[in-house]
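Chemist: Each chain, written out:
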Amino acid sequence: MVFTTLLTGCGAFGAQSVIGNASITNVPVASPLPVPQIAAANLVNISDMPGFDTNTSSAIAPATVDIGKYYPGATAEWQLIIHNGDGLKNKLLQITTEAGETVAAIPLKVVLANSGLLDIISIQSTILTLDAKGKYIPDTDKVEHLEAVAYDNNNKLLTIKGFKPLEIRIVKITYKTISSFNVYYREPSTLKEDFDYPPAETGTWVSFDKPILLLRPMENGVITVSLTIPSDTKIDKGKWLFWIGVMEKELGESVQVATRVELCQRILVTMR
Amino acid sequence: MKTEFGILQKKGGEQMKRFTRVLLPLLIALVLVFGTAIPVSALTTADITVTATPLFISISIAQNTWTINGIDGTGKIATGTTYYSNPTGASGDVTAPTATVIDGDCYFLIVNTSTVETDLTANMGDFTSGDAMTNINTGYANNGANAYGASTYTTGAAWPAGAVILKSSASTALKANVAATTNVYFGVAIKIKSAAFGVGTSMTSTITTTATDST
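If you read the sequences in order, they're chains A and B. Its first residue numbered 0, the first sequence is counted upward by one per residue in numbering that gives the first Met the number 0. Its first residue numbered 0, the second sequence is counted upward by one per residue in numbering that gives the first Met the number 0.
Be careful, since some hints might not be right.
Said to hold, decoys possible - The list that follows gives simulated cross-link-like pairs (lysine-lysine, BS3-like), each with its CA atoms no further than 25 Å apart: (1) A:248 to A:209; (2) B:75 to A:132; (3) A:171 to B:75.
It should be emphasised that the hints constitute simulated quantities derived from the structure, not laboratory data.
So here's chain A without its partners, still in its complex pose (with noise of 0.2 Å):
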């Protein structure tokens, strides 16, 4: 059986064309998570954010942090919250089976939200035909049914049975992932009237009490940020800005053209 990886997100199945072979590589997960603190003061209050927390998207508040009367010398805390969407992820693979071949052993290279085969969502499969100009589109007369039966923890493969033998095919395996979240200082992309860009150091006056957050499929979780500039540096800005950048960590697939989601907290700087 010959597997190629096409394609892992969170995104709608679309037809795609075969890519070429690429490497799988495993999310790497700290055992046992950090537990939400969702209810320290402190915080905007999830409550009056209708949606929030049960957007299957990921998602991050306050969308902005004004700090107010701000001094070298002087430290601004503040809480990042982080919202993990449904930890749906898809990984397309191409399929070739051999004669005799009904049952086949993926290799997933994940880590499922629960470790098990009820992580696993969906198994879908369309078998496809070559057409007159050499391009592989789907066979509609052909249907197979694909059942997950076992899932090796550690060696993280996925047994999948129901193939019919010598067909091509385009495998869509649904399945819930642990999130793993990095947060960084970011150069703002754009300004706010008034406000200016930051003083260049920025960057090393910001600390995170974490920079990476794991999360479980529509989980919360919460970053304490701390922008603190050394009382002997000299801001010649009344105002300025600078974002905290929210990025799920690459799964390591091999696509040609692949999209991510970048979400930004804006901080907003008013020097006393």
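Mind docking chain B on chain A? Use the hints.
Modeler: Using the frame of chain A, we list chain B on its own:
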């Protein structure tokens, strides 16, 4: 609605006095009673303010991959050719969008559930592996021996005048001041490098779409 947080919010002398005389002793008493149960933002300096509004940012992209020339075409690409992520193209993704871009010209959909108005910006890195290409950063009309050019277009924009150069970083906003909970369709035009392919294997790149508060 505006929510404030931070250990102290200095809103004028009168409030500060009230805080010092009435609330502060009460707060101290509560700390003594409940020990560490009361969360405190201990590091925030007392005489600055930290405030926020309970609004959030959330976007996702419905299509998380694009095989260039793979929507209607064979998925094979030719040097020096311009391709569009245009689902209405009938001849292998080489059909430019309409003069005023429509949803159907756009392969990518940004699903926007943000509760605040946002700027949406896209950047596209270099292609690595296989036959690598760097981003020439001057738009889809240009390429180099081993450099590609790319631009984005969105529904309602004029083509080609309204195209936005898709740089490796610091691109102009793909769409600025997008109203809360408003989805955005966009497409990509890309001109492949001019030099012949040497390796012949797949190369990869990533389009990163950034959302931030634009109010």
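Chemist: All the hints need checking, so say for each whether the structure fits it.
Modeler: Against the structure, the hints:
1. A:248 to A:209: 15 Å, holds
2. B:75 to A:132: 13 Å, holds
3. A:171 to B:75: 22 Å, holds
In summary, the structure agrees with every hint in the numbered list given earlier.
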